[in-house]
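Engineer: Chain residues, written in single-letter form:
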Amino acid sequence: MRRTTILRLALLGAAALVLVLPAASFGGRSKQASPQAACQLQVFSWWTGGGEAAGLAKLIKIWNANNKSCQFKNETVAGGAGTNAKAVLAQRLAAHKPPDSFQGHAGAELRDYIKAGQLEPIDFIYKQYHFDKVMPKSLVSQIKYGGHLYSVPVNIHRANVLWYNPKVLKDAGITKAPTTWNEFIADLNKAKDAGVIPLAMGEQWTAEHLWETVMIGVLGPAGWNALWHKGANWNTAKVTTALNRFKTLLGYTNTDAANLTWQDAGKLVADGKAAFNVMGDWQDGYFSGTKAGGNLALKPNKDYGWTAVPGTAGVYDWLSDSFTLPKGAPHRSAAVKWLAFLGSKKAQDTFNPVKGSIPARQDANPKLYGTYLKWALKQWKSDKLAGSFFHGVVCPNAWKTKIDTALGLFLQNKDVSSLQSTLNSAAQAG
Amino acid sequence: MTNIRRWGPGLLLVSPSIVLVAVFVYGLIGWNVKVSLSDWRTAVPSSNWAGLGAYRDLKSDPAWCCGPATNVRHIIIFTVAFIIGTLLIGVTLAFLLEKGVRGEGFFRSVYLFPMAISFIAAGVVWRWLMNPAPGDRSTGLNVIFDKLGVGFLANQWYLGVNWGMAAMALPAIWALSGYIMALYLAGFRGVPEELREAARMDGASEYRVYRHVVFPHLRPVTLSALIILGHISLKVFDLIVAIGGKQLITQTPAVYMWILIYDARDYAKGAAIATLLLIAISILIIPYLIYTVRSERNA
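From first to last, the protein sequence lines stand for chains A and B. Numbering-wise, the working numbering puts 437 at position 382 of the first sequence, and it's gapless, one number per residue. Numbering-wise, the working numbering puts 276 at position 246 of the second sequence, and it's gapless, one number per residue.
Since the hints were derived computationally from the structure, they do not count as laboratory data. Mixed in with the good hints there might be a few duds.
What the hints assert, rightly or not - Subject to a maximum C-alpha distance of 20 angstroms in a straight line, what follows is the list of computed EDC-like cross-link-like pairs (lysine to aspartate or glutamate):
| no. | chain 1 | residue 1 | chain 2 | residue 2 |
| --- | --- | --- | --- | --- |
| 1 | A | 328 | B | 236 |
| 2 | A | 322 | B | 166 |
| 3 | A | 436 | A | 175 |
| 4 | A | 285 | B | 166 |
| 5 | A | 382 | A | 175 |
| 6 | A | 247 | B | 166 |
| 7 | A | 354 | A | 326 |
| 8 | B | 276 | A | 258 |
| 9 | A | 469 | B | 166 |
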């Protein structure tokens, strides 16, 4: 009898040990990370390469020089547009181990974090440093959610840029870049007759990017922004027109689009194999950046040119990288200081010329910026703002996934009416 | 009371793994199923019962099933092409080696090597090989076809609307046929020479020796190969991402699951896909387990 009891106890003990061991090791780890350690500002981003990493490095240098007691800890996760980083971040937030500040596209993409109660509103930072006075009013109102601000935009990119190869255009008999839809189609036909790819396009997301610029071209910024509310009506004649135009444009693209990255598609224009390409203005960094940095070292206005996507002149289809204040940030006061720093003229004018974007602030010093960016700075001051769909401004993630699917199917079947009804029902679900 | 002395120590020995498997395999499977039946459809965790809501949603999802360019069609085409291709090439290679060649060890290693390469790395190379670009921009296989004078074979590869996923299976076939060859080679070697000799004595031709003596002995090998390939195929993720990225044209259930959970933050629907994948794989594996247990008992 006694022997069995002992055995039973031993069994239970062994089982308990197995269960407790992993827990104990987790406990040990969390103890090590306790905030008693020296203050470190943990900033999470997906800026790991090219101009973004170089720009971040410059910011870190300034930060570390001014904050001897709380040095910068760079917690980047590689992966384009932050796809991998967002997955890692979701796991950290779920485990209640947020960084002090993390990167996110300004706008609706942050809504998931806000709804999950993972972000602190930071209206007080805007108020204290008067960011709402130096950034465009419509920008500040477009990134508000429920009347509150949750992130500081560091940079602004423009999505609706039509890139072209001036030499190819000249050879095809196109005298100036198109500004209207009809001119655009005429030019595409001329390019086609000249034997080049009229409109270079890459994998699915670049098609979605093209789609949004065509939509904005037809609907205008107000009509476009009005689409992004739960229950909005997408069954309008204007949307039908836009979808048909998108379909028309797809007929001018290269057949191997799905096998090309955005750089591959841009390079077709740079190499003179294609006439036009619609891409965000990170393309300028790729075209004009140094060869050592993996770019093409082309001369702006000579080797490549740009203009607003036809129909969208005077509209800035914008997107922005911004930083947030997570609830439970281990070094909150340093994080607040970091956000205030990011919104400052000095930080924005340091980061953006290197990254190849413009500041969200309107008081930038144009002398610091390259040829394209000088143009963009001017537009930023005068243009009406339309938030980007693909780059997370107007559309929360679940809704965006539905549109991704609908547009992916459309690339296969080119069925406008089925696309429109799917888009409309996605809007009803919100 | 003396019984426990017989099985007690053994149980003590295996109990850690029993507990670990119970918690980290079956516990998490259970948790996944529970999530799939909940209303956790946003970034905010929720564990309210929602029945089959996520599954119904999946059924009406245009990306899921069953028309052109949908997940289910993709994975079926991929799986069929992958299994048939790998088995055929595997058996052929094993057969050739079994007939006796010089330097068998060398060839065996050469055919096995691709398995050591990760799908991601293989995918990057095959993306280049299967470049669908036309004219002077083409690379890889299309150029080779052109140079060999069989330019009509050049095609769109994985971008083909209907059979693109069969092309997507090529890298997987390349990677795993060597492994299947090794399985079959072991199977061939396991057929006693006496049986073949007996058949030959009875006047059987070489074809009939294989048809009626050797291949029937290989049925268990074929079954194992089917299971191994089938579950690799249904779960395929890394290869797809390396070649096609996140595009609907190459999307499979595993990729869509990732998108739903990490991009759309629709945890219930993602978990529903995970559950369906598990069921699909179980349909393959459970009969195999039953078969194995039975044949072991008989032996």
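Engineer: Among all the numbered hints in the text so far, which are the ones the structure does not match?
Structural biologist: 1, 3, 4, 9
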